[in-house]
Structure formats: structure tokens, C-alpha cells
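Throw the hints in and build the complete structure from the sequences for me.
Spelled out from the first residue to the last, the chains are:
Number of protein chains: 2
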Amino acid sequence: MKYQFSDRVQGLKPSAIREILKNSSAPGIIPLSAGNPAPDAFPAEDIRRISAELLEHTPIEALQYGVTEGYTPLREHLRNYMKQKHNVGTENDDILITSGAQQVMDLLTKTLLNEGDTVLCEAPSFIGSLNTFRSYRAKLRGIPMEEDGIDTEALEQALEQEKNIKYLYTIPNFQNPSGITMSLPKRKKVYELCKAHNVIILEDNPYGDLRFAGEDLPSIKSFDTEGIVVYAGSFSKVISPGMRVGYAIGPKEVIQKMVVCKQGEDVHSNMWAQIVCHRFMTECGYEAHLDRLREIYRRKSGVLLTAMEHHFRPLISWSKFEGGLFAWCTLPEDIDMLEFVKAGTEKKVCVVPGTAFLTDESEPCSSFRINFSTPTDEQLQEGIEILGKLAKEMAT
Amino acid sequence: MKYQFSDRVQGLKPSAIREILKNSSAPGIIPLSAGNPAPDAFPAEDIRRISAELLEHTPIEALQYGVTEGYTPLREHLRNYMKQKHNVGTENDDILITSGAQQVMDLLTKTLLNEGDTVLCEAPSFIGSLNTFRSYRAKLRGIPMEEDGIDTEALEQALEQEKNIKYLYTIPNFQNPSGITMSLPKRKKVYELCKAHNVIILEDNPYGDLRFAGEDLPSIKSFDTEGIVVYAGSFSKVISPGMRVGYAIGPKEVIQKMVVCKQGEDVHSNMWAQIVCHRFMTECGYEAHLDRLREIYRRKSGVLLTAMEHHFRPLISWSKFEGGLFAWCTLPEDIDMLEFVKAGTEKKVCVVPGTAFLTDESEPCSSFRINFSTPTDEQLQEGIEILGKLAKEMAT
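Line order of the protein sequences matches chains X and L.
With my numbering, letter number 71 in the first sequence gets 71, and the count goes up by one each step, no holes.
Add 1000 to a position in the second sequence, counting from 1, and you land on the number used in my numbering.
Please note that a few of the clues may not be correct.
[Stated by the list, open to error] Reference listing, derived: stretches of chain L covered by chain X, where coverage requires no fewer than 3 residues with Cβ under 8 Å from a Cβ of chain X: (1) 1044 to 1050; (2) 1118 to 1125; (3) 1220 to 1231; (4) 1246 to 1260.
No lab work stands behind these hints, which were simulated from the structure alone.
In this text, a Cβ means the ideal position worked out from N, Cα and C, and glycines have one as well.
Written as C-alpha cells, this is what we have:
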């Protein structure tokens, strides 16, 4: 049979980057290209205990159908926790538990976007989200990043130029891939600009709890008196990605539509995982756990920074990062980035070419992304040394 | 802010049926309207043991990111199991683990359907799937059901009349809501007709293992030499719906596109649940477990049948059902079905009005659906008695 696919799927091109990354899990490879939490970051012992208890005492609750909106005690706890700790959520907001935060991007796009409508996003931005937007045939317009976050002048220009803008997608904390954190004045400016143009903000915050330097900044959602921000939260980096639990906090009217869409996608999220997240948050010293995670990543990022200081200077530079899992490195002009990444893979060190994170992969880019949570300390040191030598070889 | 929703979401009307069902979980209600597996059908003890072992010995595998296609040992086992037991799957097929079978409907629709394209479905059919198709703005064309399954003459007519038919959606075994099983000759005829018209078949089989009378029939997918059938399997009725694990077996080319779509929706399905399903299938006497389930539902359906014989005759009739979870009951012409269902709810007995399962809810329908897996024996007996009395009161 000759299959006839939908327009939206035909438009999803296999990425050139995938070819480069294909070998990143082969044996002997140093994986600086992943985004997995560090193995010692998982609260495995607590999850084991909670899981045993709930399957002993309330197995049917964990195994039976649940409601689409999510496990009620988890929703209630998150509502209070996010309000008290982060001033996120108002009387007019509601909360939806999703199958990972990726589903927030999917459901909001499904709820708001017609084919051809525009999504504004940071350039570079997280490839997973960009691909979700593409799957709904969004027109992506990238707004350049500066050291303190999105270029708000360029954002204003885009807001004035583009038609049918449905939302701005931003990762304000330790952005993937750039590691950049948006400054407080820019957060306020972004909120004011979008409010003035009647454009929703999709604020994705998977790494916010992983700050290991500097001071916490309020989320854009915390300014949201007008109901224009949908906040995407995730347990993937702070409890476990394999559980696939995330959540959206947004205006009731929007969340209600997202609930209908979720019902058609997967009915509800895995119940066991939702209950484990709830009990872990409420019974296991959640703040101390977050402190422990920050300590793990502070230490690991230190290993990376020390290695980069030794082996990357002066050829390769990197953006300042105060949290998260990634470093964004930039090559001098005389080294072709894609050639560099390919040559690195041949030397068994995998990083992600920066073009993967652009709205148009064919645009020029001299940066690449390094992850420091997945590799061991030794892999990090060895990988950076190999990349540093490679840059020196390739520099003319 | 005034929210502007996408066309597809604006088209999703809140259903009149929801209003009727709103009270179905209130205290004191006899819930004959649900579709939940019976509480004693869950292999809770095995799941508890497997879960404890895997979180003890391989916690990182259960908690870390996985691949979109699904947990490899589960995919491999299912491939062999479905081939050996049901002759489902060929060299040209691949398998994708999904977040419940509902996601198979979603991903296949996303992969094949442009707005306005046609989906053929049985009339009546499962409301959850119909709503998924609607969320992609499918044009639904219902094909009437006969005692031995879909009306193949009407199907042939529709295949000739409709434009841009992307697939036929069918539940051949103990269909939800009608309970009807498609005969072997009709299965062959449906396959031949769709093959001749180059139309894919989406074969949804959540209840196939729950046969408690009659003989098993081969699935339509087992005839599939041409790669025109996508088979949707589910663990919701045989292990646990709260885990949200289902799977698609279909042509590689189609599955590959579905994988890309799934990546944008939820990255991958819950790892813990996938591992539990694999180990339960391979280590816990799966066939004996299925026998035990059939015995549970054989007994429960017997309670329902006895009660209906006593209290429904001669006013209310029902379709023959040899498995599954539902009975499809039909009122005499002089009783208005929606009035009857409403009056039942006031007497605290909830059933689902048949109109909920039509492509057009405003069409006339004198049937309603009863579920016998969720209520207790006492609730079943009491509920049927109340409904029987109600019919006698309402008959003129």
C-alpha cells in the first residue's frame, strides 16, 4: 500500500542532526549530548518505599482509571506549594497534571493554534518544544537571545510585524540550550509587551529548582494579573523523567480546553506516578531534596568549568550559567561548527550542534551544547580535553 | 484577556450527555454507566512484588528517560506473543508502546488525517475515540451495526461515496457500546473492501481477551498481507488502566510517523508501567490470569443476565454479548430513551444514553449502555430491578 500521510506529518523532516547524534549511545562514546538527570539525583529509596506502601494499602487507587485533570491531592498540593513558594497561580487559574511537561506544549498548541499561526520563541530554543509546535504547522519566529535573556527590542518588533501570534514560548531559567537566565527587568518587560499585544506567554520552567549560583528570580507567571501566562512545570529534573509527570498552571478557560484535548490523547496520566509525586513532595523533605540536587549539579558544573578553563581557553568561549544542566559553547569564526561536532563524534565525544535549536536549521551557528549531568566526572574531563585539542587542531 | 481558541477546539462542543452523567459518581448512585475493570480483576499482588523488585534492583531503568518507541523487552515480547498467539504482525510491521490505547487513535489520526478528511466508523461506536477523531476535525461517517457486526453493504456504499477516507475505525470484539462481535465472514469482507478502496483499517481490540462465551475469532490484522491494518492493543482491561499502557502494531512506515508524533506529545510512556507489564506478561502466568479475568466477567455478566431476564422482559431487549464489559439494551418505541435515562438517574441508577455513541448525537436512538464490571452484584441486581420497574411505569 502507498500511504498518504497528513500534511502536518509530511512537513516533519527528519533532522540532519539526528544523523550526527545516532551514535551517541554507542559503547565507548562520551555522552555530552544528553539531557538526562544524574543517576545519583534520583530519590530511588524514597520512591521504592512510597511505591511499596501505596501498592500495599491503596492498590486500586493506583491501578484504576483516574480523572483527566489529574490526581486531586497532587493538584491541591501543587496549587498551594506554587502559590506559597513562587506566587504562581491566582483565583482565576486552574491546574492540569500532564504526561511530562512536553504535553503542556502539545496541549496548549492544540488549544490555541491553527495551521500557519505564529509562535514566537527564543533563538536558540529547546528542540523538543520546537518540534511539537512544528507538528501543528506553526510558523516559528525566533527572537535572538542576549546575555540577560530574550532581546526585548526584537520581541517588540516581532509582536508588531507578525500576524496571528498565538503565544511566546520562553524558558526563563537556565534556558535549554543556552543556559541563559532572563533578568528581572526583562521578565517584566516581556510580560508588559505580551499583555499590550494580547499574546499569551508559555513559560516553561523545567530547571528553575536547579539553581546553584546567584539569586532566584520571580517567574513571569508571578506577575500575571491578566491571565495571559500558562506556566509549565515538570518533575522530570527533580524527581524522575521516566515517570512522565508535569503540570500546567493557567487561566481556567484555557486549562478547560486543554483537559478536553488531553482526554482525547491519553485520557489521564499514569496514576502510580502522580501518587508517588504527591507523597514524595509532602512526606520526604522536598526542600532538602532540592538542596541535595543543587549540590550535585553545583559540583558537576564545577568539574565542567574547571575542565573548560584548562582546555577550552582561549579558543572556545561559553555563556555564564547559574543552574540547569547545560553549557553553551561558541567556537571561533575560523572553525566550522558542524565539522567540529562531526570530528568530535569520530573521537567519541558527542555534543549537540547549535543548529539543532534554531527555528531554521540551515542558519549559520558557531555554538554547540554540552550537558554535564549525564556523564561521569572522568567522562566530562576527558571529553573536554579531547574537544579542546580538537579545536586547537582545527583552528587555522 | 479574551482567549482566541483554535478552530479544532472551538468545534468540540460540550456534550448534552455529560450533564446527565455528571451525577454518576455521587454517593448512593448505582454506577451502571462506567467502564472500569472490576476491582478484583487487578493483579495487585503481582504488581506489588514486581514493582518492589525492579525499584530495588534496577531503579534507574524505571526512573530515567526511555526511548519513544517503548521499553525494548516489552516490544520484543509483544511482537512474539501477538505473532504466536494471534498471528498479528508481519516482517513489515513495527510496534509502538503508547500511553494507553487512546493514544493509538490520537497518533494515527495525527499521522493520516487532514482537517475535513473522512473517518468511517461503526454506529454506534466508542465515544472516546470519536471525540479524538473530532479533535482533528474529521468528518465522521457512521456505518450501521448488524447482529454480526458492521453492515458491509453500507460500508461498501460509503467507501464508494465518501471522499478522502483515511481509515475505517472498528472494534470487532464485544464492541463498545453494542457488545456485538463481528463474524468471521464479515471480518474477511471488511478487509477485502478496504483493501480494494485503499483505505486503512484501525482495529481496536481492548476487550478481545475478555471472551467468556463462544469461540475466539481471528483479528482482521491477522489477514493483513498488504499492510493496511493498524492494530490497537491495550493493557487497561487485562492488567490496569491507571498504568496507561497500550500499543500499536502496524506498517513500519506508518509507525515511524506515529513515533515522531508521540515524541512531540509525551516523549515516551511511563517506564515503570512498561516494565511492570513486561514482567507480568513473562513471569506471572499470563494465560492463567486471563482465564481468571474471563471467569470474573463470566460470573458478573451472569448476574446481569439473570437480573435482566427477571426485570427487563418483555419491554427491554438486549444484544447478545459473548465478552467485554457492556450490554446494549433497547427500549420499546413508546418510551423516550433520553427521558428514561434521566428518570433512571433520578432514581439513582446511571446508564449511558445510546446517543452518546453516535456520530451525530441528535439522531434518534432508543438504546442505552449498561456496564457490569464496575458495580457490585447487589448494585447490578438492584439497578436492573429499578430500571425494569421504570420501563413498566413509562410504557403506555
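Against the structure, the hints:
1. Taking a C-beta to C-beta cut-off of 8 Å, the stretch 1044 to 1050 of chain L contributes 3 residues in contact with chain X, enough for the three needed, and the coverage statement holds.
2. Counting residues of the stretch 1118 to 1125 of chain L whose CB falls under 8 Å from any CB of chain X gives 0; the rule of at least 3 is not met.
3. For a cut-off of 8 Å, the count of residues in the stretch 1220 to 1231 of chain L with a CB near a CB of chain X stands at 3, and the three-residue condition holds.
4. Note: the stretch 1246 to 1260 of chain L has 5 residues with beta-carbon separation from chain X under 8 Å; the three-residue rule is met and the coverage holds.
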